[in-house]
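Colleague: Given two chains presented individually in distinct reference frames, assemble the corresponding complex, making use of the accompanying hints.
Going down the list, the protein sequences come from chains A and B. Using my numbering, the first residue of the first sequence is number 1, and each one after it goes up by one. Using my numbering, the first residue of the second sequence is number 1001, and each one after it goes up by one.
Honestly, the hints are just simulated from the structure, not real lab data. The structure displayed is predicted, hence computed values, not measured ones. The beta-carbon is built from N, C-alpha and C at its ideal position, and this holds for glycine as well. Don't take each hint at face value.
Stated by the list, open to error - Computed cross-link-like contacts, DSSO-like style, restricted to lysine-lysine with a CA-CA straight-line distance of at most 27 Å:
| id | chain 1 | residue 1 | chain 2 | residue 2 |
| --- | --- | --- | --- | --- |
| 1 | A | 130 | B | 1067 |
| 2 | A | 130 | B | 1040 |
| 3 | B | 1010 | A | 108 |
| 4 | B | 1019 | B | 1040 |
| 5 | A | 69 | B | 1076 |
| 6 | B | 1040 | A | 80 |
| 7 | B | 1067 | A | 133 |
| 8 | A | 72 | B | 1019 |
| 9 | A | 8 | A | 130 |
| 10 | A | 130 | B | 1019 |
| 11 | A | 72 | B | 1080 |
| 12 | A | 69 | B | 1090 |
| 13 | B | 1019 | A | 69 |
| 14 | A | 137 | A | 110 |
| 15 | B | 1019 | A | 133 |
| 16 | B | 1067 | A | 110 |
| 17 | B | 1019 | B | 1076 |
| 18 | A | 80 | B | 1090 |
| 19 | B | 1019 | A | 110 |
| 20 | A | 72 | B | 1067 |
| 21 | B | 1019 | A | 108 |
| 22 | A | 137 | B | 1040 |
| 23 | A | 72 | B | 1010 |
| 24 | B | 1040 | A | 69 |
| 25 | A | 108 | B | 1090 |
| 26 | B | 1040 | A | 110 |
| 27 | B | 1076 | A | 137 |
| 28 | A | 110 | B | 1090 |
As the list claims (entries may be wrong) - From chain B, some residues computed to sit far from chain A (all C-beta separations above 10 Å):
| id | residue |
| --- | --- |
| 29 | 1007 |
| 30 | 1008 |
| 31 | 1010 |
| 32 | 1013 |
| 33 | 1027 |
| 34 | 1036 |
| 35 | 1058 |
| 36 | 1083 |
| 37 | 1085 |
Unchecked claim - Ranges between beta-carbon positions, derived for each pair:
| id | chain 1 | residue 1 | chain 2 | residue 2 | range |
| --- | --- | --- | --- | --- | --- |
| 38 | A | 121 | B | 1023 | 37 to 47 Å |
| 39 | A | 34 | B | 1059 | 45 to 55 Å |
| 40 | A | 57 | B | 1084 | 43 to 53 Å |
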Amino acid sequence: MKKATNKKDALLLLGCPELPVQTSIALYLANRLTNAGMEVFIAGTDAALELLKVSDPDGHYVDVEKIIKLDKCIESLAEKRMDFYLCSVFVHNDAGIAYLATVHGISKAKLFAIIFGSDADSISEQIEFKCGKLVAKAVHNPLPLKRKIDATMKEVKRWAVSN
Amino acid sequence: MGCIELMDYKILLSNISFKEGREYIRRNFREVYEVEPGYKLFDVYLIGVPPIQIAIEDESVIFPYVKPCRGTFVLKMEGKEEIELLRRSK
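Same shape as in the complex, but just chain B (with noise of 0.2 Å):
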């Protein structure tokens, strides 16, 4: 997988399905945003069954990070970049 996993990140989820996944995030974030399949966020392209939701909660981004063999993680990174993206595409 992409250098992500090279970074500083916290796992909140692992090994769930993707569409718990993407519930989890809608229900315990309050600032959510819903992106494509293939948006870019950090260095990697999301994979996912649209829509993607990503969450933000002070200077972090909470977003769903699949891989093939181990299912969906759910995963929580600073990225001031990444907000400032996400905030200004609404």
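The following block holds chain A by itself, in its conformation from the complex (with noise of 0.2 Å):
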């Protein structure tokens, strides 16, 4: 596992792979990161990450050395072995606000909620703390969030020519 060090290090945290949309949109964020920049690295279950090296079999979007088992992730922002300039946590149920709200007290990261699936809304009205938010009541299309990723990154370009 590599690990990251610079100003430009952006971390994906996915949640549980049960909605369709999550993989192809964390594609689609690595890449439109990578392009503006940044290293990114990505953490989830065992099964969101085998999802993402099936889709990416050569590795064009996600560096198969940027990829982190979930609780080898926090295990290493929690000890401070590790962090992150930006960090997206994909939350679609009560236990990705549960990561949400870990990664916000264990980093210091610029911190994203990227929030889909049915509740979107709710789950979203759920957090509490304060972080940026990309809300789109995406299951199986992608194109809700995709917008939403679009328009923001606009200000992710600028934070990493800046840095």
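Modeller: Next up, the structure:
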């Protein structure tokens, strides 16, 4: 596992992969962030990471060395052995809110919640601390979430260029 | 998930929301401590929305355990060292 060290490191922390849009949006966002000059790391459950690897067999979008098991990622953040400039946490259930709150507590990264699924609005309302939110009721069709990401990428590009 | 699943534990509640787990711990145990997300208990770093509540009963700790696809569990495990650390941290 490559260690995240510089100011252009971004982490995508995936949730349960049961909703189809997660993998495609993760690959899309990884690609956009890479093109914006960021080094992209991805953490998730074994199944979420296998979905990524199978979808991107030649590693065009995600460097295999920057794929991190979820527990290892939380451990490294909690022990302050690793941190990121930007972190996007994928949230579509209650556990996702718990992971988002945990990253908020143990990392100094600029934090974005990517909130999707049929209960996206209700989940968004339950997040009581300050973080960026991209909210779309996307389950099967990634386009509503993609549009939100496209609108936010201008700001991310500005961060990447200025650091 | 971590090696905690290979240890001897009892599931008190399963497939609940994190808030439901917190309320259960707060209402059903006398000796309750609050910790921050990332607190190390046994071999895991606790996941959750602060305040995360951990209870002590006899020689066991009762705590929330979050799994990405299965929600929150409330687990009960024996842990003399963990109890000492919690009491000392107060």
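Colleague: None of the hints should be skipped; say for each whether it holds.
Modeller: Consistency of the hints with the structure:
{"no.": "1", "hint": "A:130 with B:1067", "result": "23 Å, holds"}
{"no.": "2", "hint": "A:130 with B:1040", "result": "24 Å, holds"}
{"no.": "3", "hint": "B:1010 with A:108", "result": "35 Å, violated"}
{"no.": "4", "hint": "B:1019 with B:1040", "result": "20 Å, holds"}
{"no.": "5", "hint": "A:69 with B:1076", "result": "26 Å, holds"}
{"no.": "6", "hint": "B:1040 with A:80", "result": "13 Å, holds"}
{"no.": "7", "hint": "B:1067 with A:133", "result": "22 Å, holds"}
{"no.": "8", "hint": "A:72 with B:1019", "result": "25 Å, holds"}
{"no.": "9", "hint": "A:8 with A:130", "result": "22 Å, holds"}
{"no.": "10", "hint": "A:130 with B:1019", "result": "19 Å, holds"}
{"no.": "11", "hint": "A:72 with B:1080", "result": "25 Å, holds"}
{"no.": "12", "hint": "A:69 with B:1090", "result": "32 Å, violated"}
{"no.": "13", "hint": "B:1019 with A:69", "result": "26 Å, holds"}
{"no.": "14", "hint": "A:137 with A:110", "result": "23 Å, holds"}
{"no.": "15", "hint": "B:1019 with A:133", "result": "21 Å, holds"}
{"no.": "16", "hint": "B:1067 with A:110", "result": "24 Å, holds"}
{"no.": "17", "hint": "B:1019 with B:1076", "result": "17 Å, holds"}
{"no.": "18", "hint": "A:80 with B:1090", "result": "23 Å, holds"}
{"no.": "19", "hint": "B:1019 with A:110", "result": "25 Å, holds"}
{"no.": "20", "hint": "A:72 with B:1067", "result": "14 Å, holds"}
{"no.": "21", "hint": "B:1019 with A:108", "result": "25 Å, holds"}
{"no.": "22", "hint": "A:137 with B:1040", "result": "35 Å, violated"}
{"no.": "23", "hint": "A:72 with B:1010", "result": "24 Å, holds"}
{"no.": "24", "hint": "B:1040 with A:69", "result": "18 Å, holds"}
{"no.": "25", "hint": "A:108 with B:1090", "result": "26 Å, holds"}
{"no.": "26", "hint": "B:1040 with A:110", "result": "24 Å, holds"}
{"no.": "27", "hint": "B:1076 with A:137", "result": "37 Å, violated"}
{"no.": "28", "hint": "A:110 with B:1090", "result": "31 Å, violated"}
{"no.": "29", "hint": "1007", "result": "15 Å, holds"}
{"no.": "30", "hint": "1008", "result": "20 Å, holds"}
{"no.": "31", "hint": "1010", "result": "21 Å, holds"}
{"no.": "32", "hint": "1013", "result": "13 Å, holds"}
{"no.": "33", "hint": "1027", "result": "19 Å, holds"}
{"no.": "34", "hint": "1036", "result": "6 Å, violated"}
{"no.": "35", "hint": "1058", "result": "27 Å, holds"}
{"no.": "36", "hint": "1083", "result": "21 Å, holds"}
{"no.": "37", "hint": "1085", "result": "15 Å, holds"}
{"no.": "38", "hint": "A:121 with B:1023: 37 to 47 Å", "result": "24 Å, violated"}
{"no.": "39", "hint": "A:34 with B:1059: 45 to 55 Å", "result": "51 Å, holds"}
{"no.": "40", "hint": "A:57 with B:1084: 43 to 53 Å", "result": "49 Å, holds"}
Of the numbered hints listed earlier, those contradicted by the structure are 3, 12, 22, 27, 28, 34 and 38.
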